[in-house]
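Asks: Residue-level listing of the chains:
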Amino acid sequence: MSSKSLTAEYLKGLWDENPVFRQLLGMCPVLAVTNAVINGIAMGLAASFVLILSSVVVASIKKLIPAQVRIASYIVVIATFVTIADRVMAAYFPPISKALGPYVPLIVVNCIILGRQEAFSSRNSVGRALIDALGMSTGFILALLILSSIREVLGAGTFLGYQVMGPWFKPWIIMILPAGAFITLGILLGIALAIEQRTRRGRA
Amino acid sequence: MSLSARMIFVLTMVGLISGSLLSVVGLLTTERIELNRLREIEAAITVVIPGTVTSVKLYEEEKFTVYAGQDGEGMALGYAVYASGTGFQDIIKLMFGTDPAIQRLNSLTILEQKETPGLGAKITDALAFLRFWEKKDLSRPLTLRKPAAGSPEELATSEINTITGATISSEKVLQMVNLSLERLRVIKQEGKLGKEE
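Protein sequence lines correspond, in order, to chains A and C. Residues in the first sequence are numbered consecutively from 1, following my numbering. Residues in the second sequence are numbered consecutively from 1, following my numbering.
A few of these clues could be false.
[Stated by the list, open to error] Listed below are the simulated SDA-like cross-link pairs for lysine to any residue, each with C-alpha atoms no more than 25 Å apart in a straight line:
no.: 1; chain 1: C; residue 1: 114; chain 2: C; residue 2: 145
no.: 2; chain 1: A; residue 1: 62; chain 2: C; residue 2: 12
no.: 3; chain 1: C; residue 1: 63; chain 2: C; residue 2: 114
no.: 4; chain 1: A; residue 1: 62; chain 2: C; residue 2: 114
no.: 5; chain 1: C; residue 1: 114; chain 2: C; residue 2: 174
no.: 6; chain 1: A; residue 1: 170; chain 2: C; residue 2: 130
No wet-lab data here; the hints were simulated from the structure.
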């Protein structure tokens, strides 16, 4: 059971335990769908929907589930919410659903979600699990937003589809290709580590 | 309750509740998803048969559907063929339009694909692939130009460009179009295109 204040429980997802920059979880969607800001936001929202609802459900039924079948039960709960997200997106937001392709169904295997159930929701109260899921979701969306903004601006000269670079700008096509995702993520992880080391030295 | 019985009970309950929830979601969304699909097909027909105001489904079999595009007065403008087949990684669904005599290909559009992003996925890209499919001569089977040409003008009238690094995806699309054209001619000859005959 966590003993942090609720505010600290929320804030840890933004930086100290940020799923992408600090825990390196959920790398597959982070690399795959961040070629455009709209895709990054849509993936972030879909994963957050699944994470928040799964965390609440798992925290509410944790005492009923025998330890031996807990992972199987969590996966069924997660898969249910993923399927709901997938169908709702296909019905109401078909262009985004198409752009995200197989990555929405793949939220089932996103380590952030199963990881939070195993590490947090199954050991804490419903309220605390909800705050934790909200924090982790915000951290995940922020990471996707940063990555996709850099990639879309440099790779296409646009932000959310709007031209932001002048006619002098020649798009760096590599940034919207897979290689650009790895380069951007690598640089951002380096920056995150440098900041972390500096703050740790400051504390010492 | 013994541990095994509890495990079976919990998993069954979790499965049952999830299943029921999903069937409700399925019921609520299926109709809309189907409607989106039909709208997308209609939009694609107007792209591959320019000037189309209304469209009629003429013939349907597995992985192959023929539509007729008509102008405001009901005059036939050509055929739109919706076909699906295996690409490099997964199913590719495409549509192309021809004139009523099946002598000219207007254009091609890709409706669904899961090819390699950045390579095979370029089959949806107008600049890299689709513009090389415009106004092609269908008096003989279409062939692939390899290595790729730089502009549509460099290609022969029945030649299609390859995407560098994604030859298989380009070939699969070409095969699907050629096979569909053959099939279209056969069913036209057999008089199965109903209204147009």
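Asks: List, from low to high, the hint numbers that the structure doesn't satisfy.
Replies: Violated hint: only 4; rest satisfied.
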